[in-house]
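Enquirer: Those protein sequence lines, which keep their order, are chains E, R, D and Z.
If you count by the working numbering, then the first sequence holds residues 32 to 263, one letter each, in order.
If you count by the working numbering, then the second sequence holds residues 32 to 263, one letter each, in order.
If you count by the working numbering, then the third sequence holds residues 32 to 263, one letter each, in order.
If you count by the working numbering, then the fourth sequence holds residues 32 to 263, one letter each, in order.
Please keep in mind that the hints were generated in silico from the structure rather than gathered at the bench.
Where hints are given, some of them may not hold.
Because identical chains share one entry, a pair is satisfied inside a single copy or across any pair of copies.
[Stated by the list, open to error] Keeping only pairs whose Cα atoms sit at most 30 Å apart, straight-line, the calculated DSSO-like set for lysine-lysine is: (1) Lys127 <-> Lys97; (2) Lys127 <-> Lys163; (3) Lys89 <-> Lys163; (4) Lys114 <-> Lys135; (5) Lys84 <-> Lys97; (6) Lys84 <-> Lys191; (7) Lys191 <-> Lys105; (8) Lys238 <-> Lys127; (9) Lys191 <-> Lys127; (10) Lys97 <-> Lys191; (11) Lys89 <-> Lys238; (12) Lys105 <-> Lys145; (13) Lys163 <-> Lys145; (14) Lys97 <-> Lys135; (15) Lys163 <-> Lys97; (16) Lys135 <-> Lys113; (17) Lys114 <-> Lys191; (18) Lys135 <-> Lys238.
Bear in mind the structure is a predicted one, so any value in this text is a computation, not a measurement.
There are 4 protein chains.
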Amino acid sequence: MKAKIGVVCIMAIYLMLSPLNWALAKLSAPLNFDPSHAALVILHYQNDIVHPKGKIAKSYAERIAKARNVEHTKAVLEACRKKGIPVIHVRFALRKGAPEISQKPGPLFSAFTKIGCLVDGTWGAEIIDELKPIDGEPVVTHASTNGFWGTDLDIILHAKGVRDVMLAGIATARYVVLATTLAASDRQYYPIVLRDCCNDASDELHKWIIDNVLSYIAVISDSKEILSRLNN
Amino acid sequence: MKAKIGVVCIMAIYLMLSPLNWALAKLSAPLNFDPSHAALVILHYQNDIVHPKGKIAKSYAERIAKARNVEHTKAVLEACRKKGIPVIHVRFALRKGAPEISQKPGPLFSAFTKIGCLVDGTWGAEIIDELKPIDGEPVVTHASTNGFWGTDLDIILHAKGVRDVMLAGIATARYVVLATTLAASDRQYYPIVLRDCCNDASDELHKWIIDNVLSYIAVISDSKEILSRLNN
Amino acid sequence: MKAKIGVVCIMAIYLMLSPLNWALAKLSAPLNFDPSHAALVILHYQNDIVHPKGKIAKSYAERIAKARNVEHTKAVLEACRKKGIPVIHVRFALRKGAPEISQKPGPLFSAFTKIGCLVDGTWGAEIIDELKPIDGEPVVTHASTNGFWGTDLDIILHAKGVRDVMLAGIATARYVVLATTLAASDRQYYPIVLRDCCNDASDELHKWIIDNVLSYIAVISDSKEILSRLNN
Amino acid sequence: MKAKIGVVCIMAIYLMLSPLNWALAKLSAPLNFDPSHAALVILHYQNDIVHPKGKIAKSYAERIAKARNVEHTKAVLEACRKKGIPVIHVRFALRKGAPEISQKPGPLFSAFTKIGCLVDGTWGAEIIDELKPIDGEPVVTHASTNGFWGTDLDIILHAKGVRDVMLAGIATARYVVLATTLAASDRQYYPIVLRDCCNDASDELHKWIIDNVLSYIAVISDSKEILSRLNN
């Protein structure tokens, strides 16, 4: 504890005295968690992405199983339910015919319409059984990379007086965790990325984006740390 | 030309027949540029970030000089001016006292307020001389990672009937090019990242984010390609 | 035609010479309709609002029947379908438990939760049979007064290259037509309010808001005028 | 006090038992003000609108003087400054050349560009001397009817943990008070319209919109009531 204060003081002095690369700031971001103003946002844990039989799950399903991401997310989900912390689920889904996609789409949306994945009303667009929403947990649906975009996620968080936003989802770098964390930061929430509740198509994709991008706009935590805070 | 059609057909057949990783889609994204519905958006080319004497420029100034990013951006800027293509400038600036920043900020905004960089009204927050806006070029100002957020960039692009958005800016991965490209994609624009008009604190940061993230939601181009399209 | 040019010239001279109340501008707003960049947005024609057995329909149902608003809206809807003009349906719906509503709600949302109307999944929140969406017509759902807010309406219109937005809905002043028209105007769409496809709890509410507020930010038209344009 | 509880109980029973017009809800909206989560938002008190020499002030200046709106607003402003309640100023301003306005504008924006009022950088777009912002009071600038649209007003309010938003501005019905109150309500703020700090081009415009539209989505208060709450 004393050592921690020491480090923080040295950091603070360094920050005040030197014209520095703000990049260093990430060192000064331990978790400052307030469960009474927190919410858990679970992103894109849907069959087409996560389930072995999902249409674009080939890149993810095995890796998710191995990393036990569903189990970690479920543990946090259950702790939040027990403590009365709001849980919001974000689904990606295209309406039939994909009216949300421009007639001159960029590469991602172009691929989605070709593959025909994540169509609203199909099994593939449903949230996986393990993390099924229960009564009272809002589900928001969008056709974008950012959970806030095209949805009422901000309205719901605002209505509940949320400041700390815990993020769990697939995938980390491409795109929902990345884009939603950026958006949460830009809206002046306090974003907390749950590292072991996220994954991507490779170790590199998952780790690089956390270490080089997300850790500068969010606090990086994990299910273990959150569970220990919630159980105290 | 024939070869190109052949490749596209094979891609199309492959896409229709196989349950594939959408990741492949980036292969099918050559530049499909329409100058009559295009705009150039120049992001965060400001003294504090880019000028050797800027407060957080230590990470960027030398690299930018070496890569000639300002020159490349200026060449596109001048071509756009000549052709009547709209140009919009995006500045990051905090008001004095940083009222835009939460009382419990994430790491990035926390660092900015400590460093005291990019304060509105100071030299550091001004756009560099080489890329100074001229009359009729809107400047939007925000305190976020995404050029659309907290600004009227979307209104301006919409008012002008823009679909193709060329993006040039500092920095690529952290954050403005990344965040603005994601937002442009989510708004169903057709984003075009000008690779040699962007840079970051390291080759890795710049290249990795383009190759692994941006190339799947945007077309990656450069000043040379755009200039050749505009001069035809 | 000559007379029209004369009037416009006199208006223009008057506008240039005199320090005037911009209010006069509404006189210079005849319908400038371009079906190739148009969409029809139908707002809140839902059972709880419009159907005689709806939970808050007491104020509206008889008046709507008398004014034949459903018939007028249906005529425009069918003409749009025939011409391939995009149609988007906007529903108001609260999730069970109303997580979208603040713990300290303003009067409107407070009343909605007390009444228990317009709950998603119930008959009352469904669009009336006469105007049922068909395949390919996007439905957006929100818990706000403004069809753009908390939805992907803007994304869809943007993706389809829409500029002219025809608005039909219940109710005119309180609130969806008013709030959505304001939002369309602020997003630089060209809003067209279809007067006989809208209504409110009294003649005064309906007429006053059109004459005093909507006619200054939108062109006021009706089903007859639109049908005659579409059938030419 | 007892009588008040009685009324509220009767209202509550009535609301539970009867299929009612939610319109009645306005009766149950006394001011529930929490200064520790409040902000004052002052809208469009600018020279071109309010000052006798302003370009579109002819409709407003005399009426504002007579109703002493500036004095009432100033009294609330000073009380907020004294109590440390955040104050945000909203200006309407068009950049030179009006790039924010569509090439096919609706009536309002069309009139503004013809008149040439409220151009950024001119005296007309400045906030009137009596209500000049002081250091630390953010000013947001937009070219829309709604103070939240195209600005970072929401970010600032969110960053400060604001829930109760007091609104003072010109004009009430056309448009900034109306549009900003709707937007505040849709974002789940608790909007408080300060009746004697707002005005419009006629008594009818001002009163009608408050009585028939704003009082159903906001609490209607005035400078006197707020001052008495702040001085206790």
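Enquirer: Looking back at the hints listed earlier, which ones does the structure fail to meet?
Expert: 1, 6, 8, 10, 12 and 14
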